[in-house]
Structures are given as structure tokens and as C-alpha cells.
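Q: Using the sequences and the hints given, assemble the complete structure.
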Amino acid sequence: MTAPAHPAREIPDSAAFDPGTAAARATEAILRDTLHGPHRGVVVDSPPGAGKSTLVVRAALELAEAGRPLMVVAQTNAQVDDLVVRLAEKNPELPVGRLHSSDTDPYDKALDDLPNVRKSAKAADLAGLDVVLSTAAKWAHVKVDEPWRHAIVDEAYQMRSDALLAVAGLFERALFVGDPGQLDPFSIVGGEQWAGLSYDPSASAVTTLLAHNPELPQHRLPVSWRLPASAAPLVSDAFYPYTPFRSGTGPGDRRLTFAVPSDGSGPDRVIDEAAESGWGLLELPARHTPRTDPEAVRAVAAVVARLLERGGAAVSERSPDPAPLAADRIAVGTAHRDQAAAVRAALADLGVTNVTVDTANRLQGREFDVTVVLHPLSGRPDATAFHLETGRLCVLASRHRHACIVICRAGVGELLDDHPSTEPVQLGVTVKFPDGWEANHAVLARLREHRVGWAP
Amino acid sequence: MSLIATLARLEAVRAGHAQPAATVRHRHVAERPLVFVPLTTAGEAGAPLGALIGTDRDAPRLLAVPQPRDRDLRFAFLAELADVILPYIDSYADTVEAAERSETDPETGKRVKVEVELCADAPQLIVPSRAGIDFVRLLGRSMRFRRTAEQDPEAPHPAPPRVPLLGRWLTHFGERARVPGSSLLLALSEVLARHWTTGQSSLEDQHLGALLAWIAPPEGVSGAEAALRAELARDAAGQLECPPAGPATDPAFDNKLLAPAIERYDRARTALAAAEDGLEADDRLGALTAAEQHIRALVEQCTRPTWEKVWDGLDLLRTLPEGAHVAERWTRDRWSFTGHRDRVLAGEPPQPRRDDAVTAANKLATREREQARLDAQEALDDPLVMAGRRLAGEAFAGEVTDVAMAYSEGRRPSPRPLVTVRTDDRPHLGERARAYRSLGGKPQSAEFVGFAEDGAPEEGGPEAGGSLIVLRILDKMGRGKEPEAGSVPEKGDHLCFTLFEHEQRGGAKLPDPEQTPWTHGGPPGEESVRETPDPVTEEDVL
Numbered sequence: 001m002t003a004p005a006h007p008a009r010e011i012p013d014s015a016a017f018d019p020g021t022a023a024a025r026a027t028e029a030i031l032r033d034t035l036h037g038p039h040r041g042v043v044v045d046s047p048p049g050a051g052k053s054t055l056v057v058r059a060a061l062e063l064a065e066a067g068r069p070l071m072v073v074a075q076t077n078a079q080v081d082d083l084v085v086r087l088a089e090k091n092p093e094l095p096v097g098r099l100h101s102s103d104t105d106p107y108d109k110a111l112d113d114l115p116n117v118r119k120s121a122k123a124a125d126l127a128g129l130d131v132v133l134s135t136a137a138k139w140a141h142v143k144v145d146e147p148w149r150h151a152i153v154d155e156a157y158q159m160r161s162d163a164l165l166a167v168a169g170l171f172e173r174a175l176f177v178g179d180p181g182q183l184d185p186f187s188i189v190g191g192e193q194w195a196g197l198s199y200d201p202s203a204s205a206v207t208t209l210l211a212h213n214p215e216l217p218q219h220r221l222p223v224s225w226r227l228p229a230s231a232a233p234l235v236s237d238a239f240y241p242y243t244p245f246r247s248g249t250g251p252g253d254r255r256l257t258f259a260v261p262s263d264g265s266g267p268d269r270v271i272d273e274a275a276e277s278g279w280g281l282l283e284l285p286a287r288h289t290p291r292t293d294p295e296a297v298r299a300v301a302a303v304v305a306r307l308l309e310r311g312g313a314a315v316s317e318r319s320p321d322p323a324p325l326a327a328d329r330i331a332v333g334t335a336h337r338d339q340a341a342a343v344r345a346a347l348a349d350l351g352v353t354n355v356t357v358d359t360a361n362r363l364q365g366r367e368f369d370v371t372v373v374l375h376p377l378s379g380r381p382d383a384t385a386f387h388l389e390t391g392r393l394c395v396l397a398s399r400h401r402h403a404c405i406v407i408c409r410a411g412v413g414e415l416l417d418d419h420p421s422t423e424p425v426q427l428g429v430t431v432k433f434p435d436g437w438e439a440n441h442a443v444l445a446r447l448r449e450h451r452v453g454w455a456p
Numbered sequence: 001m002s003l004i005a006t007l008a009r010l011e012a013v014r015a016g017h018a019q020p021a022a023t024v025r026h027r028h029v030a031e032r033p034l035v036f037v038p039l040t041t042a043g044e045a046g047a048p049l050g051a052l053i054g055t056d057r058d059a060p061r062l063l064a065v066p067q068p069r070d071r072d073l074r075f076a077f078l079a080e081l082a083d084v085i086l087p088y089i090d091s092y093a094d095t096v097e098a099a100e101r102s103e104t105d106p107e108t109g110k111r112v113k114v115e116v117e118l119c120a121d122a123p124q125l126i127v128p129s130r131a132g133i134d135f136v137r138l139l140g141r142s143m144r145f146r147r148t149a150e151q152d153p154e155a156p157h158p159a160p161p162r163v164p165l166l167g168r169w170l171t172h173f174g175e176r177a178r179v180p181g182s183s184l185l186l187a188l189s190e191v192l193a194r195h196w197t198t199g200q201s202s203l204e205d206q207h208l209g210a211l212l213a214w215i216a217p218p219e220g221v222s223g224a225e226a227a228l229r230a231e232l233a234r235d236a237a238g239q240l241e242c243p244p245a246g247p248a249t250d251p252a253f254d255n256k257l258l259a260p261a262i263e264r265y266d267r268a269r270t271a272l273a274a275a276e277d278g279l280e281a282d283d284r285l286g287a288l289t290a291a292e293q294h295i296r297a298l299v300e301q302c303t304r305p306t307w308e309k310v311w312d313g314l315d316l317l318r319t320l321p322e323g324a325h326v327a328e329r330w331t332r333d334r335w336s337f338t339g340h341r342d343r344v345l346a347g348e349p350p351q352p353r354r355d356d357a358v359t360a361a362n363k364l365a366t367r368e369r370e371q372a373r374l375d376a377q378e379a380l381d382d383p384l385v386m387a388g389r390r391l392a393g394e395a396f397a398g399e400v401t402d403v404a405m406a407y408s409e410g411r412r413p414s415p416r417p418l419v420t421v422r423t424d425d426r427p428h429l430g431e432r433a434r435a436y437r438s439l440g441g442k443p444q445s446a447e448f449v450g451f452a453e454d455g456a457p458e459e460g461g462p463e464a465g466g467s468l469i470v471l472r473i474l475d476k477m478g479r480g481k482e483p484e485a486g487s488v489p490e491k492g493d494h495l496c497f498t499l500f501e502h503e504q505r506g507g508a509k510l511p512d513p514e515q516t517p518w519t520h521g522g523p524p525g526e527e528s529v530r531e532t533p534d535p536v537t538e539e540d541v542l
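Protein chains in written order, with the UniProt record's numbering: chain A, 1 to 456; chain B, 1 to 542.
Since the hints were made in silico from the structure, they are not lab data.
This structure is a prediction, so every number in the text was calculated from the model and none was measured.
Glycine included, C-beta positions come from ideal geometry on N, C-alpha and C.
Treat the hints with caution; some may be incorrect.
[Stated by the list, open to error] Quick list of simulated restraints, FRET-style, between CB atoms:
#1 A:Thr430 x B:Arg479: 52 to 58 Å
#2 A:Phe386 x B:Phe500: 17 to 23 Å
#3 B:Gly410 x A:Thr430: 38 to 44 Å
#4 A:Arg362 x B:Val536: 54 to 60 Å
#5 A:Phe386 x B:Glu501: 21 to 27 Å
#6 A:Ser187 x B:Met1: 17 to 23 Å
#7 A:Val431 x B:Ser201: 25 to 31 Å
#8 B:Glu501 x A:Lys122: 47 to 53 Å
#9 A:Lys90 x B:Gly450: 33 to 39 Å
#10 A:Asp113 x B:Gly486: 24 to 30 Å
#11 A:Ser187 x B:Arg69: 38 to 44 Å
#12 B:Arg353 x A:Pro92: 52 to 58 Å
#13 A:Lys122 x B:Ala327: 37 to 43 Å
#14 B:Asp266 x A:Asp382: 47 to 53 Å
A: Following this line, the structure appears as C-alpha cells:
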């Protein structure tokens, strides 16, 4: 998710809107509020690929430079390690602390090569360092006499309110950064008892924060550098209807080409459609199937295998010369873990390795050139709240820089019409827009324009 | 619904009766539980109509409210209820054993062991269905902020003496019932559905009669037919032959039987009030008593079948041996009971209307921990539950085919033997995934190393000969260079490894409520801490 150099050429359809300038202006305002604003908190909403990590790193460096001891709270160890590496890249001299758990292999071994990064399982060992980073779970065990002057909370929309409660005593002021469109945090037990309370422990940290501090400034990053011009309008309309964003690149800036021509099969035709338009829907015949629908799983694997066999090459603002579409630039997204496991096994059968296959939850925050998605509602007899969740579809539909290919059984439109969302309405809970039902229909309507029917 | 549950439902349909979903009993069933079958009145939330209650199957106590909208009669009902429930609770409060608990020393801030009392056993309340639990909670909420004449002589409609106390206890039972695996207050239909899988939907399983019809259908009748009969069969007068377990009653019962009976009662009462002399009053009192008796009979007619079914269900549960971890979970219920007993004795105020931020977060953390613990313990206690986890790829069982000694690198090499297990299961093993097995009741952890030669999972499933999983055993082998005897699997052992942890770590300590941070609204103020009695509303004096 690095923000690339601003595209040199003018975007034709928006002469008045220069994404580079708009993004820079937003960043300046955020940093001004963070460093000099009167408020204890600043909230930043960031759509997919809008340079959130870049912003976090930049804010961390500026806060450190201003001499304010800073703690950074992220949600997973991978996120923390990633931020440490990025900080060290930008400023190798900066003394950074990585607070980790006492489990085996608590952090990425790459951190051992960074001379100014000190690692410890005890917060006391890291006292006095300019920036200390850890997960929310680890911070919750830390006790301090003197709170940190400042904190940055990353992926704040994926943090639960009770996790924030455990760490909020550690800092005086904080910058909260996150993507409101991704998956909400969840709890394995019911929390209806507290629904509607401003501090509902199973709500997101930002919801609680803003309920108690409505005056806090809220910013948003207006440009997605990841999503191509073909995807940004759909993702913005379907998932961020009230906070639209633009793509950083124009329609012709990214191209996907294949050396081997199509053999006329379903997978090849959908690949060509996606290369051309950014979206592809490979529709299998309607059928109710188990979760690990063998035909659909094989179709996913076939599409991935053909993407690799056909010698794809990607042209983008990052590499004007065609860069080969390698396995590590492709991801497969599913709703359930057993589906991911089935796809992995099918790929192994075809001799395909190095392709990331994971659930929406685990693909959050990641970026690829091409994604192949097994539609969450494919082959299902019903549409549950889990499968309709807005964030799940949003994550799956917004990981790609070039193209997204969706594999789905026919009949999802009718399935949606048969199952309007029927979640009980809780008093005092802000209804989230758009709801998953509507977002699913919006995405489906667009995908239908790029439909390739195929009976394997 | 898990794959194994779907399979069991299909089998139940084919077999015509419920299939076991467990081989042991996963909930504590007390020797002397208090069974409570309440009924409520349609149209007003929390207006009790009556109840059957007691610890003896043959001698239930019948309570009824002849005019459910009359607040005095309602208080009389609640007072009677308190006379049954509170002595039952008290009978467990005095028998205690010594126990230790860790507490934070207020002066040094260190964790120290403190000698405390722990009640040797705890009361157990059984209601027929989940709606019964909600009703218990509602009763608790409606009573705990009442004031008695003794507490507040000025109170316009004082509650009978022990009613607020009953409200606090019912609130405690209701709150505890939200903790996964707890058994202080159980809904029988839920416990039965945990142990048997029927051929109907989980929604239909909430009907106690239909559920029992599947589990123990009458001779010569299939579960499906018996369940249908339990749900729908009506007598010549249009009344359900198997009244719903409540607390809500059947509309046909309300319209045809209850409403006329209450009307008759009302008329008799008005007539009695208008009586002009003693003789006339005597006559009319007789009519009133008869009307009241009629309503009592209706309530009994409606609750008695459910009462019998609850005891049938308890008998069915008692046929299963208790799971190994049930006693440990019941001990936590005893702690919960003892804790509330102490709060009542210490004169603490009733539970607040709403949890503060810290209490809510603590409760959620506890429940999540208990849920994870329950899931793990049920699987460890019960091979049938474990089979479901194996089918879901969360565990695997198989035979040890090879053990190779290996050591960790470092100054003091420790044993890290490599164990190869042949299994037909297909666990979702990620790179370096952790696996655990039970070794003398304690979890021993291992790390997934890889699949042995020719042992990678093949398309075509288990019949392809299974897979060979290589694990590195990591702990529980003692401190020496050589592992302690019996701590390392041996060739030929049949083992079951889980990918989920067996024990739960305690979460981080949250701040005290007075230290609630600014993100959560800061410390709760004095006014929100001090709970006032419920104000008297128009509805209270109808």
C-alpha cells in the first residue's frame, strides 16, 4: 500500500481533480490536527489502498521528530512488523522499540537485521525509545506510571471497543486510522445485552470513541492508489456511498496483457474480459452445493493456473515496462477457511504454488495485481448475515491493482431477493449504510456486465 | 450448522427418532433442582399468570394470579414465589467449605492468597425453554428496584418484604445463564437439544413437547409424527393437547378459556364489593372463591403437562454419565453463587440497570473465555463431539507410525522428538501450526513440521490411505536432556491432536471503573452509580 509517485499525466475525465494534490492536502490537514490541534483524538477514514500505512509512518516520523514519545497500536503481529520495517526504511536512524509477546517466534525475523530496532517482551526495556510498537493485545498487559504523550491506533475500525478500553489509559492523545468499509470486529458470544450502549464492548473502537467524543475531527483520504480506474467507482458507490473516493490512476494507466492467446475456454474468456475491463464473472450453472463446491473450487484453480500459464504482464504507473504477473501477485479470496483449504489443495494438484489463498478476514490490508474470488453466496440455499456482511464483500472486491475475477453459481440475484436482511433492529444503534444486501446487489449488477457463462 | 450436525439430522429423519449428539452429559444436573414452569399474560410484558414450582415431581406448588392486571394480586404472587425460591436458595448458602482465592492486596498491590468460604453446593433453577430464562430475567428486573414499606415508609405502593431480594437473585440467575457452560439456570429444551439431534429444525427444537417427541417417541410412532402431534393436535374444544411450554400461552386457551374465567372472576369481585349485608357477602365470596379456583385449575391444566415433561427430560439427561469437566464448571457456578450471596449479605445495592463500560467489557471477556473453554472441554470429554471437530478439520486422530529423537539447538539442547502420525482426517494445518494432545489431563503442545513422503493429502479423500503428519513435540517432557518416561508418544499409540488450545489464558486486566478512560466517556458519575427505585408509572396503578 505505498503511495506511488503522483501520476505524471492528467486524468482526462477530471481535469479539475488532481489526485496527488487532493491526497497531499488531506494528509497535511491530518498532520496539522494531529500535531497542533486542540483535540485529544483525530479519526482518519481510509478507503482501500488509500495510503493508510504511508500516513501512519509519516505521522509517526513527524511526531517523533517533534519530540513526542509515541506508542503505536496495531491489531496483528504482521501489521506491527510491517510498520516497523516501513519506519526503518524511511528513517534507519530512528530508535524504534518492538514490544512482543513471550511466545516462540513472536516477531518477523527480518526485524533482527534492523540495527536501531530494539525488541523485547517487557515494556520497561523499551522505555525512552522514540517510537514503541505492539499489538493491542500486548499493550493491554502494559502498566505505566506516566502515559505516552501520543499514540497511533492503526486499523481502528477492526479493533473492538473493549480492546481500546484496555489500552486507552496508556496515552493522552491519539490518531485513529482505519477503513470503515472492511469487516467489523466480531465476538464469539452474543452481546445484544449491550447493544445501543455508547460503550458496547463488541462494537468497533471508533464507534465508541465518536459516541463519547463527537467533536473529534474526522478526516478521510480521498484517493485510492491501489484500485484501478475500473474498480474505484464501483467500490466507492457500493461500499462508501456517503464518502466517495477516486482512483489515483486513470483508465489507461494500467494494462494487463497475455502472451498466450485464449483457447476459447471459460477460464480464458473470463481472463480476457477481466484484462480488458478490470472485472470478470465466471458463472457456473445454478446449483445448491456444499460449501466446498468441487466444481467451483476447480474453476477457481483453473483460472489461477491459466493466469500463470498464459504469461501475463502488467503495465502500471509503477512499472512502465511490462512486469510479469507472477504467482505472488495473485490471490484467491474465499468466505470460509475450508473453502480456502479446498482451493489450496486444488491448486497443489495443478502444480501451482506461491499463490496466496485466504479468507476475507486474513486478506484485509493486503494488495495483489489480480484477485480470484469465490463469491460468498455461490451455491448457497440461503443468505445469512455472515454471508451478506458488507465488509466481507468489500474486502474481497478491493484487493486488486488490475483485475478481479469472481467465480459464482448462477442464481445469486434471486437468492438475494429471497433473503432480504432480517437482522433485528436494536434501539440506539446507528444503522450502518449500505447494508450488505444492497451492496451485494450493486456489485452483482456490475459483474453481470462482464459475465462469462461456463459449464465445466 | 456443522457438517456432523447436518448429518445427524438427516440420520434422525431416516431413523425416525433423535440421534445422540453427545455420549456424556455436558451440563451439571443437580440432585434437587428447583423446576419453575411460569406462565405470562398476553398483552402486558411481565404480567405473570401463574406457575408450577418445586423440587418434588409429585408435589409442585401451584401459584396463580386470578386477575393478572391487578397489581396487589401480582405482588401477592411474587411474595408467594419468594416464599418458595428464597428458602431453596438459602438452603445452599450455609454449607460452606474453605477455599483460596487470589486477591489484590490494596496496600501492596500484590496478588495474595486469601482464605474464603465457598458454598459446597449451589441451587439450580430449571425452566422449560429459553423464553423461560428471559422471563426469569424480566421478573428480576421488575422486582429488584422495588421498595418495601420497611425500606421506604413513604413508598406509595410498597412491595412485600422479600420481593426485591427475589428480584436480585433472579437477576443473578439470569445474568449467569448468559455465561456459556454455566448451569445455575438451565433451559431444558436447550440442554436436551445439545445432547440429542432431532430431524426437525433448531427453531422447532425450542418446542419442548416436539423435542421430547423426537427423543423418546411413543411406541410405534415415528418422531416426526409425534412431534407434529405435540405441536398441533387439538381436542374437540379446540384446545392444544400439548400446551406450549410457555411462558406465553396458546391464543385459543386465552380466548376460549382464560378470558371468560377472568371475566367471571371480575364480575364476582365487583358483586362482592357491592354486597349490602353479611349474608349476601358470604354468598358472593363463595362465588368469588369458585371463580378463583377455576382460574387456578386452568393454570394447572396448562402447566402440568410441561411440568411432567421437564422431569422426563431431566430423567433422560440423568441417563448420560457426567462429562469429566462438568464438575470443574459447576465449581465456577458455585463461586458465582457464593459471590452473590456475599454481596447480598454485605448489604450491597441491587445490580445496576445497565453495566458500566468496564463491567460490560469484563463480562464479555469472561463469556468469550468460557465459550472457548466449553468448546474445548466438550470435545475432550466426548469422542462424538471430537468427531465433529475432526470432520471440521480442527482436530485429527491416528496411529503413531514413527518417533525420531531430535533436540533443540542452543546451549542446553532439550528434547524435541519428531512424531509421525498416520491419519484419515484432513486437518487444516497451516505452516508451523500448533497442535495439542491431552497428556494426563494437561495439554502437550506440538508443532506441525510437514507431511511425510508420499503422505501429502491427496485428492480423493481418506480412502487414498490417509496422510502422514509429522509433528515436533515441544513441552511437558521434563527438564532433563532425556524426556521423562511416558511423556513422548510411542510407535503404535493411538492419539488425538487438536488444533485448538485446551486451556484459556486469562485476558488483560481492565482499568477500574473509576479509571474509565476518555475514549469511553470517562469515569461514571455519582448519579449513575447510585440506582434509584423505579418510578411509579400509570401502568403500575391500573
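Q: If you check the beta carbons of Phe386 (chain A) and Phe500 (chain B), does the distance land in 17 to 23 Å?
A: 20 Å, holds
Q: I want to verify a distance hint. Is the separation of the beta carbons of Asp266 (chain B) and Asp382 (chain A) within 47 to 53 Å?
A: Because 48 Å falls inside the window, the suggested range holds.
Q: Given a hinted range of 25 to 31 Å, is it respected by the beta-carbon distance of Val431 (chain A) and Ser201 (chain B)?
A: 29 Å, holds
Q: Could you see if the CB distance from Glu501 (chain B) to Lys122 (chain A) stays within 47 to 53 Å?
A: Cβ of Glu501 (chain B) to Cβ of Lys122 (chain A): about 24 Å, so the range 47 to 53 Å is violated.
Q: When you take the CB atoms of Arg353 (chain B) and Pro92 (chain A), is the distance between them in 52 to 58 Å?
A: Holds - the Cβ-Cβ distance for Arg353 (chain B) and Pro92 (chain A), about 56 Å, lies within 52 to 58 Å.
Q: State, for the Cβ atoms of Ser187 (chain A) and Arg69 (chain B), whether the hinted interval 38 to 44 Å holds or is violated.
A: 39 Å, holds
Q: Does the Cβ pair Arg362 (chain A), Val536 (chain B) satisfy 54 to 60 Å?
A: 55 Å, holds
Q: Can the suggested window of 38 to 44 Å be confirmed for the beta-carbon pair Gly410 (chain B) and Thr430 (chain A)?
A: Between Gly410 (chain B) and Thr430 (chain A), where Cβ atoms are some 54 Å apart, the hint is violated.
Q: CB of Lys90 (chain A) to CB of Gly450 (chain B), is that within 33 to 39 Å?
A: 38 Å, holds
Q: Kindly confirm whether 17 to 23 Å is satisfied by the beta carbon distance between Ser187 (chain A) and Met1 (chain B).
A: The hint (17 to 23 Å, Cβ to Cβ) holds, given that Ser187 (chain A) and Met1 (chain B) are roughly 20 Å apart.
Q: Between Lys122 (chain A) and Ala327 (chain B), does the beta-carbon spacing fit 37 to 43 Å?
A: With a Cβ separation near 38 Å, Lys122 (chain A) and Ala327 (chain B) satisfy 37 to 43 Å, so the hint holds.
Q: Between Phe386 (chain A) and Glu501 (chain B), is the Cβ distance one that fits in 21 to 27 Å?
A: At 24 Å between Cβs, range holds.
Comparing the model with each earlier hint shows violations of hints 3, 8, 10; every other hint is respected.
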